[in-house]
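Chemist: Heads up: the protein sequence lines correspond to chains A and B, in order. If you count the first sequence from 1, you need to add 27 to reach this note's numbering. If you count the second sequence from 1, you need to add 27 to reach this note's numbering.
No wet-lab data here; the hints were simulated from the structure. Here the structure is a predicted model, which means the values were calculated and not measured. Errors might be hidden in some of the hints.
Label-pair restraints from in silico Cβ distances [what the hints assert, rightly or not]: (1) B:Thr79 <-> A:Lys30: 42 to 50 Å; (2) A:Glu343 <-> B:Tyr235: 28 to 36 Å; (3) A:Asn390 <-> B:Asp389: 53 to 61 Å; (4) B:Lys52 <-> A:Asp67: 50 to 58 Å; (5) A:Lys30 <-> B:Pro82: 48 to 56 Å; (6) B:Gln202 <-> A:Glu383: 41 to 49 Å; (7) A:Glu343 <-> B:Ala76: 48 to 56 Å; (8) A:Asp339 <-> B:Tyr294: 36 to 44 Å; (9) B:Arg362 <-> A:Arg380: 37 to 45 Å; (10) A:Ala252 <-> B:Asp388: 55 to 63 Å.
Just so you know, even glycine gets a beta-carbon here, dropped at the ideal spot from N, CA and C.
Protein chains: 2
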Amino acid sequence: MSKQLAVGLFGFGNVGRGLFDVLNKIESRDAYIKRICVRDINKPRGVEADFTDNPDDIFNDPEINLIVELIDDAEAAYHIIKRALTNGIPAVSGNKKMLAYHIGELIELQRKTSTPLLYDASACGSIPVIRNLEEYYDNDLLISVKGILNGSSNFILSKIFNEKMSYDKALRMAQDLGFAESNPSLDIDGYDSLFKLIIITVHAFGCYVEPERIFTYGISSMNDADIRFANEKGRRIKLVAHVEKIADGKIMMSVMPQLISREKYIYSVEDEFNGVVIKGEFYDKQFMFGRGAGGHPTGSAVLSDMTACLYDYRYEYKRLFGHSKVEYTTDVTFRIYLRYSTDADLALFRFERIHERYDSDDNRYVVGDISLESLRAVNEEIRHRHVFLAAYPKD
Amino acid sequence: MSKQLAVGLFGFGNVGRGLFDVLNKIESRDAYIKRICVRDINKPRGVEADFTDNPDDIFNDPEINLIVELIDDAEAAYHIIKRALTNGIPAVSGNKKMLAYHIGELIELQRKTSTPLLYDASACGSIPVIRNLEEYYDNDLLISVKGILNGSSNFILSKIFNEKMSYDKALRMAQDLGFAESNPSLDIDGYDSLFKLIIITVHAFGCYVEPERIFTYGISSMNDADIRFANEKGRRIKLVAHVEKIADGKIMMSVMPQLISREKYIYSVEDEFNGVVIKGEFYDKQFMFGRGAGGHPTGSAVLSDMTACLYDYRYEYKRLFGHSKVEYTTDVTFRIYLRYSTDADLALFRFERIHERYDSDDNRYVVGDISLESLRAVNEEIRHRHVFLAAYPKD
Numbered sequence: 028m029s030k031q032l033a034v035g036l037f038g039f040g041n042v043g044r045g046l047f048d049v050l051n052k053i054e055s056r057d058a059y060i061k062r063i064c065v066r067d068i069n070k071p072r073g074v075e076a077d078f079t080d081n082p083d084d085i086f087n088d089p090e091i092n093l094i095v096e097l098i099d100d101a102e103a104a105y106h107i108i109k110r111a112l113t114n115g116i117p118a119v120s121g122n123k124k125m126l127a128y129h130i131g132e133l134i135e136l137q138r139k140t141s142t143p144l145l146y147d148a149s150a151c152g153s154i155p156v157i158r159n160l161e162e163y164y165d166n167d168l169l170i171s172v173k174g175i176l177n178g179s180s181n182f183i184l185s186k187i188f189n190e191k192m193s194y195d196k197a198l199r200m201a202q203d204l205g206f207a208e209s210n211p212s213l214d215i216d217g218y219d220s221l222f223k224l225i226i227i228t229v230h231a232f233g234c235y236v237e238p239e240r241i242f243t244y245g246i247s248s249m250n251d252a253d254i255r256f257a258n259e260k261g262r263r264i265k266l267v268a269h270v271e272k273i274a275d276g277k278i279m280m281s282v283m284p285q286l287i288s289r290e291k292y293i294y295s296v297e298d299e300f301n302g303v304v305i306k307g308e309f310y311d312k313q314f315m316f317g318r319g320a321g322g323h324p325t326g327s328a329v330l331s332d333m334t335a336c337l338y339d340y341r342y343e344y345k346r347l348f349g350h351s352k353v354e355y356t357t358d359v360t361f362r363i364y365l366r367y368s369t370d371a372d373l374a375l376f377r378f379e380r381i382h383e384r385y386d387s388d389d390n391r392y393v394v395g396d397i398s399l400e401s402l403r404a405v406n407e408e409i410r411h412r413h414v415f416l417a418a419y420p421k422d
Numbered sequence: 028m029s030k031q032l033a034v035g036l037f038g039f040g041n042v043g044r045g046l047f048d049v050l051n052k053i054e055s056r057d058a059y060i061k062r063i064c065v066r067d068i069n070k071p072r073g074v075e076a077d078f079t080d081n082p083d084d085i086f087n088d089p090e091i092n093l094i095v096e097l098i099d100d101a102e103a104a105y106h107i108i109k110r111a112l113t114n115g116i117p118a119v120s121g122n123k124k125m126l127a128y129h130i131g132e133l134i135e136l137q138r139k140t141s142t143p144l145l146y147d148a149s150a151c152g153s154i155p156v157i158r159n160l161e162e163y164y165d166n167d168l169l170i171s172v173k174g175i176l177n178g179s180s181n182f183i184l185s186k187i188f189n190e191k192m193s194y195d196k197a198l199r200m201a202q203d204l205g206f207a208e209s210n211p212s213l214d215i216d217g218y219d220s221l222f223k224l225i226i227i228t229v230h231a232f233g234c235y236v237e238p239e240r241i242f243t244y245g246i247s248s249m250n251d252a253d254i255r256f257a258n259e260k261g262r263r264i265k266l267v268a269h270v271e272k273i274a275d276g277k278i279m280m281s282v283m284p285q286l287i288s289r290e291k292y293i294y295s296v297e298d299e300f301n302g303v304v305i306k307g308e309f310y311d312k313q314f315m316f317g318r319g320a321g322g323h324p325t326g327s328a329v330l331s332d333m334t335a336c337l338y339d340y341r342y343e344y345k346r347l348f349g350h351s352k353v354e355y356t357t358d359v360t361f362r363i364y365l366r367y368s369t370d371a372d373l374a375l376f377r378f379e380r381i382h383e384r385y386d387s388d389d390n391r392y393v394v395g396d397i398s399l400e401s402l403r404a405v406n407e408e409i410r411h412r413h414v415f416l417a418a419y420p421k422d
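Based on the sequences and whatever the hints tell you, model everything.
Modeler: Put into structure tokens, the structure is as follows:
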């Protein structure tokens, strides 16, 4: 390698600015930002750089040999990446939503154009999850990947559980600190974790599943009764994304709150940190832990992707193109805690068995076994009901 | 990639057997063990495989396209790897001692012969430390790598601290469970951690330092008074390997026991597990945790190295050949706890300042500041004295 990266950067929000700072700090000789495309060119940015609001200024610049896309808008991001690859320009993206919807097509486009797209920064900020799944755990031993993939909701849960802070105050604080998405629903309703889980699953198990097919449930309806229940059981509520190989070449996937016991690695993942547990046969469990959000940590993850481009690294998608195929299934049963208000709410849930039932004037809950398919069937409906649920595994 | 790996395996101890099991279990189509070279061909092995005691049977087999070396003897391992690379056969090694002494020459030989040598399995078993330092944290942001790199000594410390087990019993248990080196001094006197630290430092900071130049001190002289001292301070004693960039392009390195406070990630690394904290500017700290020893976890790490060979992966040694060079120094001062018997013992240590002094009929210790250079100067001498020391950082 002797080339230098002349970067065309799209977006100058939290992460774009983080990347800018990191590059300045290390005085890189390998890469520089040639031009930055932003929506509003008149907004004061407080840095010296060549800004434009016209994408053509980047795509028509023959010197630019890497596109780095760090914008919020998934559809616009998709068109930028597609245009980059079609033009044979390597690209780096941090847009998990865009990837969660378009990864299949973009993998195909990478093959067709022989142009790489890297996106380690899109899942878990500074933790190199994708790279490790792609490079290291690339054999058939992988059993599951499970973790806290959203720093913002975890920050809120930490503040609520450890400092008895109110939900609203914790959310505002996360936003002020710059590690909440501009649309908080992405964080607290689990979608951000979902998008990351989809990307991770492509690399972990070679299986792409559309967002709509995966049960996704967040923490926005959690209340004091739920927190009390968790505390009584010596557990903490965490928002957990989970993919696991179950019998005969099938995988299950879910994003939902989980009552986590003290013995689990992710019990101690606090504040805006992310933690991922990779489980396999023979090597048991690996735990990776780090800052999953924030401009600078994510900016440095983008830099790692850029450096990888410098060395002509590309994802091989070994599992996707390998011989052993897995299929997605919702045919798996687990134990949940469900807090509800009315009998009509409860009736929505097709429990296979109820283990525990509590009923008082101001609080009602059950603990019971239910299939993932049953949950998926009511996924939309239950968002509008006065209920809260969390996986409640025995250990 | 369409080739198949026909492996010539040297050694069939704990890890060699682990690799054999893992390959059998996954029914790999990509790799098979063609022949195994062992010292004693008459020893019953209980497996069906083609054993030999003549290395030529492997080197002269034109079908064998990968040498995997998993023997105990560092000098013999060195000759095997050298012969493999010279013959243009890619090689995988798990021998950290051999690498710690010969890595410089073997990097040169890889370049000269364009033949890769991989050894992720040599440091921290199943935790992909080297690969991540090589691939992911490959920019100038790295500040330090610090961790528990030896599962056996950590197992002993865990049993002593958590279960009040005697030192000898804990050591025997570690050996029975198969994660102690055949020579226990390698584990408990810190040499195993030292060898791994040297390899890690080559990839982390591009700097090779000879084993003799690094202060290395283990846990074999620890006694009840030391354990009591740690407990009183709310800390645990861990055997920590540490490399850190200090002012103006210099790094310090050490392997020694450390009094670890509860807030540190490595405080909770128990039993035979390894834990590594990678610290950098901007991304703060990353923590990787997993099984660092044992036949199956290490065997699966060897498999990862083999799979990487299948994809023509090789270490780039970016930092070694990069533009920013760092130098090794012992000119750094830190706080230690020193338990001693006689004034003559104490006089060996050139403390810059004493903060705390305790003297009773049956126990004497000081807490004070001392330079790494002063410690290095007495490294050999203090092994034969009735003393124990541990780093004792303020936080």
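Chemist: With reference to the structure, classify each hint as holding or not holding.
Modeler: Status of the hints after comparison with the structure:
| no. | hint | verdict |
| --- | --- | --- |
| 1 | B:Thr79 <-> A:Lys30: 42 to 50 Å | holds (47 Å) |
| 2 | A:Glu343 <-> B:Tyr235: 28 to 36 Å | holds (31 Å) |
| 3 | A:Asn390 <-> B:Asp389: 53 to 61 Å | holds (59 Å) |
| 4 | B:Lys52 <-> A:Asp67: 50 to 58 Å | holds (57 Å) |
| 5 | A:Lys30 <-> B:Pro82: 48 to 56 Å | violated (43 Å) |
| 6 | B:Gln202 <-> A:Glu383: 41 to 49 Å | holds (46 Å) |
| 7 | A:Glu343 <-> B:Ala76: 48 to 56 Å | violated (30 Å) |
| 8 | A:Asp339 <-> B:Tyr294: 36 to 44 Å | holds (41 Å) |
| 9 | B:Arg362 <-> A:Arg380: 37 to 45 Å | violated (58 Å) |
| 10 | A:Ala252 <-> B:Asp388: 55 to 63 Å | holds (59 Å) |
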